[in-house]
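Listed here are the chains, written in short residue letters.
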Amino acid sequence: MQVPAPFEYERATSVDQAIGLLERLGSSARLVAGGHSLLPMMKLRLANFEYLIDINDLHAELGYIRLSDDEVRIGAMTRHRELLESDVLAGVFPIFSDAEKVIADPIVRNRGTLGGSLCQADPSEDLSAVCTTLDASCVIRGPGGSERVVTMEEFHVGPYETAVADNEILTEIRIPRKNFKVGSAYAKVERRAGDWAVVSAGAAVWLDQGRIVDARVGLAAVGPNTTGIPEISAALRGHEPDESLYELAGAIAARSCDPATDTRGSADYKRHLADELTRRTLRRAVERARS
Amino acid sequence: MQVTMTVNGTEYTREIEARMLLVHFLRDVLSLTGTHWGCDTSNCGVCVVWLDGEPVKSCTVLAAMAGGHEVRTVEGLANGAELDPIQEGFRQCHGLQCGFCTPGMLMTCRALLDKNPDPTEGEIREAISGQICRCTGYSSIVRSVQWTAAHEAAAAAASKEEAVAP
Ligand SMILES: Cc1cc2nc3c(=O)[nH]c(=O)nc-3n(C[C@H](O)[C@H](O)[C@H](O)COP(=O)(O)OP(=O)(O)OC[C@H]3O[C@@H](n4cnc5c(N)ncnc54)[C@H](O)[C@@H]3O)c2cc1C
Ligand code: FES
Ligand code: FES
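Protein chains in written order, with numbering that gives the first Met the number 0: chain P, 0 to 290; chain W, 0 to 165.
Isolated chain P, as found in the complex:
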């Protein structure tokens, strides 16, 4: 029987009260959202905390998807299922529903949250790749109502490590909307349904009069953290999308990533996947931007 080591349990009633608890309890405390990454780690004694602060009651405050003309704001407690079922989100950034369909399984998706996924900072984490692809920024709140906004690159400090300090909480992610035609897509190769990625890729393109004004690719499971690849953006900007461009982007993706050989596959195989999935998602993103 796997159970976590003993800890004390507290329930947060508001974001600021949760921050107050974190301040008081310091690094011996940890937030628990869906618990679907933290509790398995605590069962396996890969993580140990004296206090868990349950933030599920903050769903009313932090569970939302809000659309304005210039950005989409998503609260940290928004659950996978809510991201999957949001027509509003799928209408603007279908990459979310592409990804959610292949994250875990419907029952795990009932619990896991966007904030938990990003804060877990697992290099194979799908939503981190999605947020990297969309150039999202992360809103982090600390004591005294202070708030800072960081990019995804700044957010991920290393594997399982983020920019969120012991007395802070991730409250929201913000995705910029640009005044161009946009298309986005996500694809993943997994060993079986609902498994973590062998490799996955997300792509987003913004078109103006048929030309790429911006394009971004985000990869997961091919290095210490999910990676955005600026070189691809630079290579694609200003061009009219076609197969040769996708081929070029795929080649850049394959050589820019840093996969490890493990039980999921060899480094070579993963590079091949990074190449192929980059081409496929770019192709799909462009189709969507055009339609």
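Think of the hints as simulated: they come from the structure by calculation, not from any bench. Where is the CB? At the ideal position from N, CA and C, for every residue including glycine. There is no bait here: all hints are sound.
The following label-pair restraints were derived from C-beta to C-beta distances:
(1) Q91(W) with A59(P): 39 to 49 angstroms
(2) A149(W) with R147(P): 48 to 58 angstroms
(3) T3(W) with P142(P): 25 to 35 angstroms
(4) Y63(P) with E161(W): 42 to 52 angstroms
(5) A192(P) with Q96(W): 20 to 30 angstroms
(6) T5(W) with R147(P): 35 to 45 angstroms
Following the hints, complete the assembly by docking chain W with the ligands onto the known chain P.
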């Protein structure tokens, strides 16, 4: 710590360790052993119960997190001696052999039918994709859900007819 939750309509208050998982609370504290416990890693789905109406894997939820909330287990499906149609469906269509995965399957499939009374085969397979059956190979589980959907649709039509009859 003290936890209070409603399980199958009855409120329970118990003194527990904060680290206790919901599956152990149900089985060991409340003796509701219908909910099974298998992989311990959120993969097999035999521990699925409802938390506020949504299926969850109770091996990955703290009992403390369910405090103040409503839990429904497989024991809460039948109405006395009368089986829930989903249970009847599994009986009719051989949806189980050893029965180990069955409580979780029943809870997931009941939730599916409540949301979507006429699911396609693909939707049924997607709904149970986080659950493992080592016996029946899923085809008979899919048929059981289809049987239940058809049965419930027929029953609803019949009760409508009865209502308009003089
Ligand atoms: C069987 C299974 C399969 C899975 N498959 C996939 C998959 O294919 N792809 C994938 O991407 N994920 C997968 N996951 C992970 C799943 O998506 C998790 O739910 C998710 O990664 C974590 O979200 P959570 O809300 O459960 O976080 P928790 O486990 O509650 O928390 C994770 C970490 O984030 C911290 N945290 C949570 N919220 C905040 C916040 N607002 N501010 C600061 N810190 C916070 C916690 O303190 C903890 O350290 C799988 C999980 C399981 C159990
Ligand atoms: S025991 Fe909970 S999913 Fe297997
Ligand atoms: S009936 Fe035996 S595991 Fe499903």
